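2 protein chains.
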Amino acid sequence: MYDAAIDGTPTPRAEPVTRHNLLDAVTARILRHIQEEGLRSGDRLPSTRALAERFLVATPTLREALRRLEATGAVEMRHGSGVYVRADLSRLILVNPNRTELAAETLADLLEARELIEPHLAEAATRNASDEQLAVIAAALDRAGHVLDDDAELHVANMDFHRAISRYAGNAVLAQIIDSLVDIYRQEQRAILEMYGDRANDHRAHLDILTAMRERKPVKARRLMAAHLRDVRAVVTGSSAR
Amino acid sequence: MYDAAIDGTPTPRAEPVTRHNLLDAVTARILRHIQEEGLRSGDRLPSTRALAERFLVATPTLREALRRLEATGAVEMRHGSGVYVRADLSRLILVNPNRTELAAETLADLLEARELIEPHLAEAATRNASDEQLAVIAAALDRAGHVLDDDAELHVANMDFHRAISRYAGNAVLAQIIDSLVDIYRQEQRAILEMYGDRANDHRAHLDILTAMRERKPVKARRLMAAHLRDVRAVVTGSSAR
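Just so you know, the sequences run in chain order A and B.
Numbered according to the UniProt record's numbering, the first sequence spans residues 1 to 242.
Numbered according to the UniProt record's numbering, the second sequence spans residues 1 to 242.
The set of hints was computed from the structure by calculation and includes no laboratory data.
Note that this is a predicted model, so its numbers are computed, not measured.
Just so you know, even glycine gets a beta-carbon here, dropped at the ideal spot from N, CA and C.
Here are the in silico distance ranges between beta carbons for each label pair:
id, chain 1, residue 1, chain 2, residue 2, range
1, A, V219, B, D43, 49 to 55 Å
2, A, G38, B, D43, 41 to 47 Å
3, A, N128, B, N128, 32 to 38 Å
4, B, E153, A, D24, 25 to 31 Å
5, B, A104, A, D43, 24 to 30 Å
Interface residues of chain A toward chain B, partial, derived using beta-carbon atoms under 8 Å:
id, residue
6, Q35
7, R67
8, R68
9, A74
10, D109
11, L110
12, A113
13, L116
14, I117
15, I177
16, S180
Take these sequences, add in the hints, and give me the full structure.
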């Protein structure tokens, strides 16, 4: 299975040709198990040994399949505790876990993409969100209002605001796209916003969007979201050009 | 490292607590190597043994890191040949390799997402694409015109047409999003289109879009792309509701 033994691990014979196919099959079996059992994020899988016996494969093979699933975000292996379902398997789009740092021009593209998609979602959420869902959006802003002095906490609350609007617009694919873009954005751009962003101004813009949504004015919500994201882009691209 | 030995593999002691951190570090080192050496898709990495020696880790650990990178699409391990760079590491967005089958309503969402984004890209590509780039778009359609009777080939050519327009619009993030959506779409929806789609009609719609682009009429290109994708959605959602 391995081709050398620097750390003293015994060296079995060359990897069999079917190794990849076997791993693929075991990976697919685990995913099917998660689906068929209706397991959700946070649910624990049976023990590695139990799964290996059920699928009639060696435990090392099973563990390797689990590690592949961990690398792609489907499960999480907690040492000494077990294997847990992590990602939503109905998710179509993921952030590339191996991506390199964001180039300045890609950052501008990222914000332009949000500018194209999020106003549409703000309009749709204004039409489609229930009052309870609007309350969730409002709660994120309320949290933001209490942490205007804590950049890290503020950013989480603000991004929750954007995510919630996307989630309640009624299009799962566009919601996933925004979720991913916001994630990338969070990791790469918080520093720039901390330096150059205007927290109070952003917060006011968010509150105005929420007000338009509560008044059920979809076109106004769209327009305000577009203006807000244009402002963000001006700040971020302006500062990264310095 | 492993906790059982159904296939007769020797059973070493329990996995050390730092195992995950070590794997993360080795994975990051490999990615940095790819970046620093400027390796691109199709380029071969040094041998596993050479990399293990360079990074001062055991070969099994290195191989495991490579398998993680393979699972997330960064490299490809070809049996007996070596390890090759696969994905573009500057890519931000990936299709979830563990995703489950597309639900009918998700399919409608997917097409609605394309309807929001692709008309914008058709307009931008009409403004931004060079004549050479328009020729690449035209070449995809030309190929499509020659394989109207071969569903599989036709679909590849048609999707290349959509991808090329996205690529030349000037926004890398939106191009990646469309690339991913088209990929998902390809795998899940070809069958439906083969049953219900109107190949000649789609081809005419594509040719009209290309004509508008060649005439450098951005608004017309946008309008035609929107109408085309509305038609596709009507066919696919209509047929999947049957």
